[in-house]
Amino acid sequence: MLCEKCGKRDARVKITRIINGVSETHHYCRECAEEMTGKTEIKSNEWSQAVFKLLREMFMQASHENNKELQEKAAGLTCPVCGRTYQEFAENGVFGCSACYEAFEPVLNDALISMQGTASHQGKGPQKDEKDTDPGDPFHEEAVSPEEELEILEARLQEAVREERNEDAAHYRDEILSRRDKSDG
Amino acid sequence: MVEWWYSKKSADDVILVSRIRLLRNFSEYRFPDTMNDDDREEIRERILPLIPDMQDRLGMGIRHLPYERFSPEERLALQERQLINKAAQGAEKRIEVLASQDEAFSLTLNSTDHVRLLYSRYGNRLSELYQKIQPIDRMLGDTVPYAWSERFGYKTSTIANVGTGMRAYFVMHLPFLSGTKNFSQVTEEIGRYGVVVRNAITEAGKRSMGLYVIYNHRSMGLTENNIMDILTNVAGRLAGQEREMQGHADRVRMRDRVLRSYGILRYAQRMDFFESIVHLSNLLLGVSHGILTTSGDFSIYELMLGVQPGNLQVYHKSLFDEETIRIKRADYLRYFISTIDAD
Ligand SMILES: [Zn+2]
Ligand SMILES: [Zn+2]
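Protein chains in written order, with my numbering: chain G, 1181 to 1365; chain C, 394 to 736.
To be clear, the hints were calculated from the coordinates, so they are not data collected in a lab. Careful: at least some of the hints might be erroneous.
Stated by the list, open to error - Covered by chain G, per the in silico footprint, the following chain C stretches (three or more residues, Cβ under 8 Å):
| # | region |
| --- | --- |
| 1 | 454-461 |
| 2 | 495-504 |
| 3 | 536-544 |
| 4 | 658-672 |
As the list claims (entries may be wrong) - From chain C, some residues computed to sit far from chain G (all C-beta separations above 12 Å):
| # | residue |
| --- | --- |
| 5 | 548 |
| 6 | 585 |
| 7 | 645 |
For each residue, glycine too, the CB sits at the ideal point set by N, CA and C.
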């Protein structure tokens, strides 16, 4: 979908306005959305949108010249069992086989954290029942509060700056800004 | 027919349906996106002989539907009744669909994932459904080992479902709550817990008529019990609010709303899908407040499934154009509504 305002860039941000109890939803690109912040409420993370968008973006980031290391890392990944490349995976977000997970593991982390809020499994497996050590009331301990989300993003931003991953840093900065705007009302 | 609606005794008027979906893949085979026809056949040959065992463990009859011979309308009808998903409805490669006689249980093989297990029932009972589906899950994984790792959990075809491979759903009827000003804030707040609240039925340009689906957005990093606890908790809060609002509603207005819809459904000669759902939603309200009494062996929610185009055409075993569908929908509704009494 293209941005409703400029009609040029991909719409990445969903803005919901509530006027007299009626909500209206618009889709803008990051740039146009930033321009309008303050006037509207930004819901920047529509993770339920197709995963592959995110993966494609990550792949493009990885392909960026400034980021040779990650580029080589991602571009070189091919599943030894089904032959699916990371690039193919990034295009439609579909794994070719079980071994793809291990093959793409080095670059799956970010996608999992963005999509799932975590990159490691809890819960049962084929040979075991659900862990007895219950992590407690999920309402109070599992759900990540907006403040915690911000903290996580800030830590990731600092890490990215330290490692001079400029594209990543810019991405985290934008995420943090849009969330702050949101919480400021 | 969706017979599992028939049992009205534990019917809940706000939390209409509970549903558990599990996705699994087998480690020995490539995932459906890259697997070849031989793999498909092998999986079919290893899983289908388990049907008698599945029947024993579930305590109900299971049919292997002749899905490859189904017409597009028959496939659509299954999708409208939520027995298969849209991907399976449009599948070009051969897939297998197993379903219990009452359609509470279904298993789709070789669609987007090797295994899609589904269990639905009326009312608020997620963990009961999860317990019931466990033996089937275990049996499949014992027969052909699942693709699973300590770190990733169940490896699904996309990362959207990885980890538990679980999605827990409720279908809820929230006619009053959804009409309030801050409902969208409420749903946004709920989103913080990883729970999505969505209109169950949408049509371009038209808004809610009170029927919602809620489900977990995240499948990883939470245990199966966490997921069900969160959903049950959220649904309980929403249902509590809804009941309170219904309880405080003006009786005359409520009766007016219900009986107007009753009159329209009882006498209309043509009916759009969306309009029929609006009125059926009001009938549901009428039944739960004793304004209407059903004597027939059906539930209002079942009618909501039945008025969809695929189901109407399969019900009549014919193909209709849009106008005929409207007329048949009105016929279908008059037939059932005539068995409902107004107080
Ligand atoms: Zn724009
Ligand atoms: Zn692979």
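Cross-check of the supplied hints:
Beta-carbon proximity to chain G at under 8 Å applies to 0 residues in the region 454-461 of chain C; the threshold of 3 is not reached and the given coverage is violated. With 0 residues having a beta carbon nearer than 8 Å to a beta carbon of chain G, the region 495-504 of chain C misses the requirement of three or more and the stated coverage is violated. Closer than 8 Å: that is the beta-carbon criterion, and the region 536-544 of chain C has 7 residues meeting it against chain G, so the requirement of 3 holds. Under a criterion of three residues with beta carbons nearer than 8 Å to beta carbons of chain G, the stated coverage of the region 658-672 of chain C fails, only 0 such residues being counted.
Residue placement check: residue 548(C) does not keep its beta carbon more than 12 Å from all beta carbons of chain G (closest about 5 Å). The claim that residue 585(C) lies off the interface is violated: its Cβ sits roughly 6 Å from the closest Cβ of chain G, which falls inside the 12 Å cut-off. Residue placement check: residue 645(C) keeps its beta carbon more than 12 Å from all beta carbons of chain G (closest about 24 Å).
Hint compliance for this structure: hints 1, 2, 4, 5 and 6 are broken, all remaining hints hold.
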